[in-house]
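First to last, the protein sequences are chains A and B. Positions 1 to 311 (the working numbering) are the ones given, in order, by the first sequence. Positions 1001 to 1311 (the working numbering) are the ones given, in order, by the second sequence.
Calculated directly from the structure, the hints in this document are not laboratory data. It should be emphasised that the depicted structure is a prediction, and the values quoted were computed from it without experimental measurement. Any given hint could turn out to be false.
[Unchecked claim] Within a straight-line C-alpha distance of at most 25 Å, the following computed SDA-like cross-link-like pairs (lysine to any residue) qualify:
#1 A/Lys-16 to B/Val-1069
#2 B/Lys-1168 to A/Asn-96
#3 A/Lys-173 to B/Arg-1101
#4 A/Lys-105 to A/Gly-43
#5 B/Lys-1105 to A/Arg-204
#6 A/Lys-146 to B/Val-1069
#7 A/Lys-30 to B/Asn-1200
#8 A/Lys-16 to B/Pro-1072
#9 A/Lys-19 to B/Leu-1142
#10 B/Lys-1146 to A/Gly-20
#11 A/Lys-67 to B/Gly-1157
[Stated by the list, open to error] Partner residues aside, some chain A positions facing chain B, computed with beta carbon under 7 Å:
#12 Ala-66
#13 Val-77
#14 Gln-83
#15 Ala-84
#16 Leu-85
#17 Asn-96
#18 Val-108
#19 Ile-175
#20 Asp-201
[Claimed, not checked] Residues of chain A clear of chain B, computed beta-carbon distances all greater than 12 Å:
#21 Lys-2
#22 Glu-45
#23 Glu-136
#24 Asp-233
#25 Phe-241
#26 Lys-247
#27 Pro-248
#28 Glu-258
#29 Thr-305
Using N, Cα and C, we set each Cβ at its ideal position, and we do this for glycine too.
The primary structure of each chain is shown beneath.
Number of protein chains: 2
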Amino acid sequence: MKRIVVALGGNALLRKGQKGTYFEQLNNAKRTAKFLADIIENGYEVVITHGNGPQVGAIMLQNEIAKNVVPPIPLDVANAETQALIGYMIQQSLQNELIKRKIDKEVVTLITQVVVDKDDTAFHNPTKFIGPYYKEEEARALMREKGWVMKPDPRGGWRRVVPSPDPKDIVEKDIICDLVDQGFIIITAGGGGIPVIRENDTYRGVEAVIDKDLASALVGKIVNADTLLILTDVEYAMLNFGTPDQKPIKKIKVKELEKYYEEGHFSPGSMGPKVLACIRFIKWGGERGIIAHLEKSKQALKGETGTIVVP
Amino acid sequence: MKRIVVALGGNALLRKGQKGTYFEQLNNAKRTAKFLADIIENGYEVVITHGNGPQVGAIMLQNEIAKNVVPPIPLDVANAETQALIGYMIQQSLQNELIKRKIDKEVVTLITQVVVDKDDTAFHNPTKFIGPYYKEEEARALMREKGWVMKPDPRGGWRRVVPSPDPKDIVEKDIICDLVDQGFIIITAGGGGIPVIRENDTYRGVEAVIDKDLASALVGKIVNADTLLILTDVEYAMLNFGTPDQKPIKKIKVKELEKYYEEGHFSPGSMGPKVLACIRFIKWGGERGIIAHLEKSKQALKGETGTIVVP
Chain A
1 MKRIVVALGG NALLRKGQKG TYFEQLNNAK RTAKFLADII ENGYEVVITH GNGPQVGAIM
61 LQNEIAKNVV PPIPLDVANA ETQALIGYMI QQSLQNELIK RKIDKEVVTL ITQVVVDKDD
121 TAFHNPTKFI GPYYKEEEAR ALMREKGWVM KPDPRGGWRR VVPSPDPKDI VEKDIICDLV
181 DQGFIIITAG GGGIPVIREN DTYRGVEAVI DKDLASALVG KIVNADTLLI LTDVEYAMLN
241 FGTPDQKPIK KIKVKELEKY YEEGHFSPGS MGPKVLACIR FIKWGGERGI IAHLEKSKQA
301 LKGETGTIVV P
Chain B
1001 MKRIVVALGG NALLRKGQKG TYFEQLNNAK RTAKFLADII ENGYEVVITH GNGPQVGAIM
1061 LQNEIAKNVV PPIPLDVANA ETQALIGYMI QQSLQNELIK RKIDKEVVTL ITQVVVDKDD
1121 TAFHNPTKFI GPYYKEEEAR ALMREKGWVM KPDPRGGWRR VVPSPDPKDI VEKDIICDLV
1181 DQGFIIITAG GGGIPVIREN DTYRGVEAVI DKDLASALVG KIVNADTLLI LTDVEYAMLN
1241 FGTPDQKPIK KIKVKELEKY YEEGHFSPGS MGPKVLACIR FIKWGGERGI IAHLEKSKQA
1301 LKGETGTIVV P
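Given these sequences and hints, build the entire structure.
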C-alpha cells in the first residue's frame, strides 16, 4: 500500500475573487474532495493537511471587531478553530464523495498540536503578517498595550507580525499513526498545526504560525509516507521565477534542488517553503516530493506534471 | 478494563461571575483535567464529551458583530469551532496532567458529526435559544431576511430559536471505537456534536443544537461503555425540585427513575436531558448512569455521592 500526505493550498477552499462565505468554501471543498477521492481510489493511504491563511485572518478580524463584547482569543486558539472550520468542510465533503463511490472508509479531523523549539531563532525575528490592517497610530498603541510586534505590510497599512518557528514534533503522533495504519483517512496539522512549546514537561500554546508545508513534511516523516504531494495553484516550481529566463522544474534530484534553493531561486513567502518541505521529506527517507496544481493531482502522481523531487 | 464516558458541563470551563476570557477557561480546564486524570489513574478507559453553550454563543455573537466585514458562518460550523476551542483546552491540559503523573497516554479531539433524523419533529418546533439578544423590530427583520425563527427569551430581548433534534448516530463511530480500543483518550461529540442529516446518501450540516447529554449517552452506547458520568454543578437530581418537599435521588433503578421522569420532576432545559440520558444509557445495556458534581467525580464513582441509575 502506498502512503501519501496531501497538503492542500489556499485554492482548495477559496478561489480568486470570492468573498469567502462559508458556502463558497464548502462548494470548493466538494470539488477538492473529488481530487482527494481520486487519489484514494487509486489505492493510496491518504493523510490530508491544509493551509489556513484567509480563515485565520477572518477569525482574528472577528475577534478584533467584537473585542469590546467578547474577549478575544489568542492566535494558537484561532488556529485550532480553523482546524475545525476547514477540517469539517473537507471531512464532510470527502466522506460524501467516498459514500458516492462506495468506498467504505471514515474520515476525521484531529485537533493537532505541533511542537516548536522554544529557542527557535524565529521567536526573535517575527516575519509572518497576520490579522487585520491598522493605521500607524493604532499599531503603535497595540504594540504598547499588548506587547505585539507590528510592522508596515508591503500591501499597505500596519499589521501584526508573528514568529514562524520550525515544526519539530507532533504531540498526537501515536494517534495519527494508529489511524493511518487502520486505514482511516485523517485531516491533521491544519494551518501548520497549533504551535506549542514544551517547558518543564508541559505543553503550552504560543502565538506563532507554523508553515503548513514544513508541517506536512513532518507529518510525512511521522507516518512514514512514500509521497508528499503539495497542491497549489501553479504547475511547477520555477527557476529564475519572474525573469525572462524562468523555467519550470520537472523531475529533479534532491541534491540539485537543494543547490537551487540555496541560490535563492524560490520566494521565501510562497514557493520557498514548498521546495524546502520536499527537500526535507526526501532527506528523511521519502520517495517522492511533488509540487503540483490542485486540479492536476492525478496526472502529477503519474509523473505527467509537477515538480517531482526524488532522492 | 472499565470504560466510561465523562460528560463535562459548563462549570468544567467557566465559573459563575467570570467573563469567559480564554485564560480563565484554560485555568478551569487545568483544574478539570485533574479530575479526569484521577479517573484515568483509577483504571478507567475514558471518553470525554462536553457542552458548549457559552462558547457557541460567543462565536455567534462575534460573527454577528463583524458581519459587515467577515461573512458569518452557520450554526453547525460554529459548533465545529467550539469543538476545537474547548477540545484544545482539555486536550492540552489533560495531556500535561498525564505527563506529570507519568501516565503514557495520548489525548486527541475529534471533529464529530452527529446524525439526526431529517423528519425529527424538533424541526417543526424549535425550542433552543442561541446567540445574541435583539430588539423586537431587529428580530422581525431577521426573521424576514434570513428565515430564522425568533422568540422573546424569558431572560429579556428576542433571540433566535433553533431545533434540538435527537441524536441517532455518529458519522465517525468506527474511528471513535478504534481509538478507545487502542487505549487513546478522545474528546468527541463536543457541544452535542455537529448536527447533520443524511439525505440521498449525503451528509449535510443543519442549523440545530443537539443536547450534549443525549449525545453522550449515544457515545456510551457506541463505545460500549459501562458507565456514563454526567458532571454538573449539583450533587444530585432532585424529586420535587424547587419545592419544600425536594429530595435528592441517590441510587435508583432505571424503571423508577423513568416513572419520575414521565411525571415531570425534572426541568426540560437542565436536569431533564441528564436524567433521560441516564435512562437511555441503561436501557441500551449500560451498567451505571451517574449525575454528580464535577468536583466529586471520584466519590461518585465509588458510589458515595451523586444520582446513580442502575438497571
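Structure-based check of all given hints:
1. A hinted pair counts as satisfied when its Cα atoms are at most 25 Å apart, and A/Lys-16 with B/Val-1069 qualifies at roughly 18 Å.
2. As the CA atoms of B/Lys-1168 and A/Asn-96 are separated by approximately 18 Å, the hinted pair is consistent with the 25 Å bound.
3. A threshold of 25 Å between alpha carbons decides the hint, and for A/Lys-173 with B/Arg-1101 the separation of about 20 Å falls inside it, so the pair holds.
4. Between the alpha carbons of A/Lys-105 and A/Gly-43 the distance comes to roughly 12 Å, so the proposed pair stays at or under 25 Å and holds.
5. A distance of roughly 18 Å separates the Cα atoms of B/Lys-1105 and A/Arg-204; the hinted pair therefore holds under the 25 Å criterion.
6. Between A/Lys-146 and B/Val-1069 the alpha-carbon distance is near 23 Å, which keeps this suggested pair within the 25 Å criterion.
7. At roughly 16 Å between alpha-carbon atoms, A/Lys-30 and B/Asn-1200 fall within 25 Å of each other, so this suggested pair holds.
8. At most 25 Å may separate the alpha-carbon atoms for a hinted pair to count; A/Lys-16 and B/Pro-1072 meet this at roughly 19 Å.
9. For the proposed pair A/Lys-19 and B/Leu-1142, the alpha carbon gap of about 22 Å is at most 25 Å, so the pair holds.
10. Of the supplied pair hints, the one linking B/Lys-1146 and A/Gly-20 holds, its CA atoms being roughly 19 Å apart against a limit of 25 Å.
11. Only pairs whose Cα atoms come within 25 Å are accepted, and A/Lys-67 paired with B/Gly-1157 is accepted, the gap being roughly 22 Å.
12. Checking A/Ala-66 against chain B: minimum C-beta separation of about 4 Å stays under 7 Å; hint holds.
13. Taking 7 Å as the C-beta cut-off, the interface hint given for A/Val-77 holds, the closest approach to chain B being about 6 Å.
14. Evaluation of the A/Gln-83 hint against chain B yields a held restraint, the C-beta minimum of about 6 Å falling below 7 Å.
15. The interface hint given for A/Ala-84 holds, since its Cβ lies 4 Å from the closest Cβ of chain B, which is under the 7 Å cut-off.
16. Interface restraint check: A/Leu-85 against chain B, minimum CB-CB distance 6 Å, threshold 7 Å, status holds.
17. A hinted interface residue such as A/Asn-96 counts as satisfied when its beta carbon comes closer than 7 Å to some beta carbon of chain B; here the least separation is about 5 Å, so the hint holds.
18. Interface restraint check for A/Val-108: the shortest CB-CB distance to chain B comes to about 5 Å, inside 7 Å, so the restraint holds.
19. Look at A/Ile-175: its Cβ gets to within about 5 Å of chain B, closer than 7 Å, so that hint holds up.
20. At its closest, the beta carbon of A/Asp-201 sits 5 Å from a beta carbon of chain B; the interface hint therefore holds under the 7 Å criterion.
21. Every beta carbon of chain B lies more than 12 Å from that of A/Lys-2, the smallest distance being close to 22 Å; the non-interface claim holds.
22. With a least beta-carbon separation of about 15 Å from chain B, A/Glu-45 lies farther than 12 Å from that chain, consistent with its non-interface assignment.
23. Even its closest Cβ contact with chain B, about 21 Å, leaves A/Glu-136 beyond 12 Å, as expected for a residue assigned away from the interface.
24. A cut-off of 12 Å between C-beta atoms confirms that A/Asp-233 is not in contact with chain B; the least separation is 22 Å.
25. No Cβ of chain B comes within 12 Å of the Cβ of A/Phe-241; the nearest lies about 33 Å off, and the non-interface call holds.
26. Chain B leaves A/Lys-247 outside its interface by the beta-carbon criterion, the shortest separation being 40 Å against a cut-off of 12 Å.
27. Taking the minimum C-beta to C-beta distance to chain B, about 36 Å, the non-interface status of A/Pro-248 holds against the 12 Å cut.
28. At the 12 Å boundary, the C-beta of A/Glu-258 stays outside the reach of chain B, the nearest C-beta of that chain being 34 Å off.
29. With a cut of 12 Å on Cβ distances, A/Thr-305 stays outside the contact zone with chain B, its closest approach being about 31 Å.
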